[in-house]
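Read off the chains here:
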Amino acid sequence: MNARVHLLALAAALAALAIVALYLKRSEVYLLTLWAVYVMATMGLNLTAGYAGQMSLGQAAFFGIGAYLAAILLKLGWPFLAVLPVAALVCFVVGLALGFPALRVQHHYLAFATLGFNVLVYLAMRNEEQITGGTFGISGIPRPTFLGIDLGGHVAYWYWTLGSLVVLGGILWWLLRSPWGRAFAALRDNPIRAESLGVNITAYTLLAFAIGAAFAGVGGVYYASLVEFIEPGPFHFSTSLMMLLAVIVGGSGKFYGPALGTAIVILLPEFLRGSSTPWLKFMQVWYLAVFGIAVVALMIWLPGGLLSIRERLDRKGGPQ
Amino acid sequence: MNELIQLIVSGTATGAIYALAALGFTLLWQASGTINFAQGDFVMLPAFTMLFCMIAGAPLWLAFLATCVAAMLVLGVGFKKVIVDPLIRHGVIPLVIATLGVSMALKTIVRAGYSAEAHQFPAIFPAGQFTIAGVNVSWADLGTLVLAAVIVIALQTFVTRTLTGRAMQAVAQNTDAARVLGIDAKRMVLYTFLINAILAVVTALLITPTYLAKFDMGDSIGLKAFFAAIIGGFNQTRGALLGGVLIGVLENLVGFYWSPAYKEGVALMLFLVVILWRPEGLLGKVEERKV
Numbered sequence: 001m002n003a004r005v006h007l008l009a010l011a012a013a014l015a016a017l018a019i020v021a022l023y024l025k026r027s028e029v030y031l032l033t034l035w036a037v038y039v040m041a042t043m044g045l046n047l048t049a050g051y052a053g054q055m056s057l058g059q060a061a062f063f064g065i066g067a068y069l070a071a072i073l074l075k076l077g078w079p080f081l082a083v084l085p086v087a088a089l090v091c092f093v094v095g096l097a098l099g100f101p102a103l104r105v106q107h108h109y110l111a112f113a114t115l116g117f118n119v120l121v122y123l124a125m126r127n128e129e130q131i132t133g134g135t136f137g138i139s140g141i142p143r144p145t146f147l148g149i150d151l152g153g154h155v156a157y158w159y160w161t162l163g164s165l166v167v168l169g170g171i172l173w174w175l176l177r178s179p180w181g182r183a184f185a186a187l188r189d190n191p192i193r194a195e196s197l198g199v200n201i202t203a204y205t206l207l208a209f210a211i212g213a214a215f216a217g218v219g220g221v222y223y224a225s226l227v228e229f230i231e232p233g234p235f236h237f238s239t240s241l242m243m244l245l246a247v248i249v250g251g252s253g254k255f256y257g258p259a260l261g262t263a264i265v266i267l268l269p270e271f272l273r274g275s276s277t278p279w280l281k282f283m284q285v286w287y288l289a290v291f292g293i294a295v296v297a298l299m300i301w302l303p304g305g306l307l308s309i310r311e312r313l314d315r316k317g318g319p320q
Numbered sequence: 321m322n323e324l325i326q327l328i329v330s331g332t333a334t335g336a337i338y339a340l341a342a343l344g345f346t347l348l349w350q351a352s353g354t355i356n357f358a359q360g361d362f363v364m365l366p367a368f369t370m371l372f373c374m375i376a377g378a379p380l381w382l383a384f385l386a387t388c389v390a391a392m393l394v395l396g397v398g399f400k401k402v403i404v405d406p407l408i409r410h411g412v413i414p415l416v417i418a419t420l421g422v423s424m425a426l427k428t429i430v431r432a433g434y435s436a437e438a439h440q441f442p443a444i445f446p447a448g449q450f451t452i453a454g455v456n457v458s459w460a461d462l463g464t465l466v467l468a469a470v471i472v473i474a475l476q477t478f479v480t481r482t483l484t485g486r487a488m489q490a491v492a493q494n495t496d497a498a499r500v501l502g503i504d505a506k507r508m509v510l511y512t513f514l515i516n517a518i519l520a521v522v523t524a525l526l527i528t529p530t531y532l533a534k535f536d537m538g539d540s541i542g543l544k545a546f547f548a549a550i551i552g553g554f555n556q557t558r559g560a561l562l563g564g565v566l567i568g569v570l571e572n573l574v575g576f577y578w579s580p581a582y583k584e585g586v587a588l589m590l591f592l593v594v595i596l597w598r599p600e601g602l603l604g605k606v607e608e609r610k611v
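So the sequences go chain by chain: A and B. Going by this note's numbering, the residue at position 14 of the first sequence is 14; the numbering climbs one at a time, nothing skipped. In this note's numbering, each residue carries its 1-based index in the second sequence increased by 320.
Each hint should be verified, as a subset may be incorrect.
Claimed, not checked - Covered stretches of chain A (in silico footprint by chain B; criterion: 3 or more residues with CB under 8 Å from a CB of chain B, positions within the stretch not fixed):
| id | region |
| --- | --- |
| 1 | 18-29 |
| 2 | 117-123 |
| 3 | 241-254 |
Unchecked claim - Derived, one-sided and incomplete: chain A residues facing chain B with beta-carbon distance under 10 Å:
| id | residue |
| --- | --- |
| 4 | L57 |
| 5 | P101 |
| 6 | R104 |
| 7 | W173 |
Because the hints were derived from the structure by calculation, they are not lab data. Glycine is no exception: its CB is placed at the ideal position from the N, C-alpha and C atoms.
Between the sequences and the hints, there should be enough to build the whole structure, so can you do that?
What follows is the structure, encoded as structure tokens:
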């Protein structure tokens with residue numbers, strides 16, 4: 001697909017997403033916004049998992065740090081746009097501090113370090129009641145205004161989130177096209193060759209992980225303002241797991257992989273929850289079992305995720 | 321002072337259970353390069369299988385034996401043939417992701433198919449405690465410690481002293497060289513999976529009386545097993561034991577002297593400190609990278 005067709009398709013998709021919101025119910029617009037918010041986090045995770053080839057199982061912790069920072073600072077009266085860089089920076093720095101010891105040794109240690117980190121952050125959210133409100137959480141988080149426009153309405157907030165998602169996507173696109181981003185591809189494809197060509201594997205991987213964490217922090221800020229009430233539950237490590245699986249199922253290392261994967265992981269269960277058809281009601285309870293088995297099957301037959309299906313067909317059908 | 325010793329003794333017993341789970345994890349990693357994120361659920365499943373057998377009227381010992389057989393078939397042979405064998409050629413990450421999927425599926429199947437509640441599990445050791453030199457020790461802790469020690473020593477002896485055990489080690493260290501020497505590498509890897517399955521059943525037998533049988537009981541055990549394995553040294557069988565006991569004891573101390581709320585975070589902190597200071601683990605040896 002050449003660049004112009006790509007841009008046109010993207011613009012059409014965005015226009016459709018913007019227009020459809022006018023005809024949807026309030027709860028459906030809320031779900032769409034939730035999807036966009038999670039895509040911010042999974043997009044960052046894709047940088048870590050897809051492009052740098054590392055597993056992070058703590059994305060929900062960074063998402064949560066962003067959300068709690070937003071809840072506290074927005075309630076203190078900070079403007080939304082001032083909270084964003086703070087959340088991004090805090091998550092970036094924490095990411096560096098966590099990733100450094102883990103990546104210095106063995107790269108798959110990052111998975112364990114982030115998993116443990118998520119457990120610790122969750123405990124802190126539950127127990128540090130003076131700051132986080134414990135299990136009661138923090139309520140009454142305000143929605144922002146932008147250039148005097150009130151973004152409190154559900155459609156307005158959806159436009160605001162979608163617009164921000166496009167900007168974030170643009171930043172990621174630019175990062176990946178820069179010489180710095182191209183080093184990733186080299187790294188993932190053959191780390192030892194990349195290293196001998198002068199790419200500092202550890203530094204690049206660490207940076208990718210920390211930037212991925214910063215994206216989650218930004219997503220968390222939008223999340224807090226969307227739901228207006230936060231408690232530790234959504235930031236449990238099982239959310240991290242779902243985020244990682246969203247990236248992998250959609251297609252890790254594919255730019256649109258997280259958007260597709262997050263739709264499957266976040267929207268599908270919500271859709272099932274709302275339905276009353278007997279078969280779908282059965283799926284509400286068994287959804288995760290089916291999903292888990294589907295993930296195993298996907299890894300066996302299509303380890304590159306759903307978006308890699310075309311390459312797979314090309315390779316099979318094309319001349320050997 | 322007595323209080324401190326008591327905490328250390330009971331922490332050692334808990335740690336010994338972590339060590340058993342970690343041991344299976346280490347064995348799988350050494351022999352086949354499998355990082356099993358469903359390791360904790362491999363403990364949860366036998367706990368429920370034993371529970372079912374007992375509900376059906378079987379005594380505990382029979383339930384245990386039946387579960388061992390079932391575990392060897394499902395968590396040993398089945399896991400290897402269905403998941404590990406087709407995936408291992410894709411590299412580590414797809415396999416890890418698949419085990420995450422397995423973990424999620426197992427938890428949901430138990431929760432949706434049976435129950436989300438925590439279930440009582442009969443203790444294998446008598447209740448009560450005895451006093452030695454002013455320190456109270458429970459029979460359960462002592463029994464756990466002895467049983468875990470026997471299993472670790474037996475396993476260590478098997479691996480280092482018997483021909484099969486040494487062949488397994490050879491495969492773990494260098495599969496190609498072992499194959500050239502006429503060792504049936506596939507069979508040795510299969511043995512490792514079988515041993516892992518039995519270790520999981522024993523871990524379940526020891527830990528479920530205190531932790532109760534619950535669909536997500538594996539989360540915490542699995543996490544401790546990973547950290548114990550890395551802290552001790554991923555490529556050392558003894559390392560898992562040291563790592564497990566260290567975590568068990570420190571958790572008890574932190575829980576008592578500082579805050580029980582942060583007990584679960586101890587393993588992570590210890591892990592970060594150890595890999596900063598001794599990346600290969602406390603007892604581990606530095607491995608050359610395969611190019």
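Status of the hints after comparison with the structure:
1. 18-29: violated (count 0)
2. 117-123: holds (count 4)
3. 241-254: holds (count 4)
4. L57: 9 Å, holds
5. P101: 5 Å, holds
6. R104: Check passed: Cβ of R104(A) comes within 7 Å of chain B, closer than 10 Å.
7. W173: 24 Å, violated
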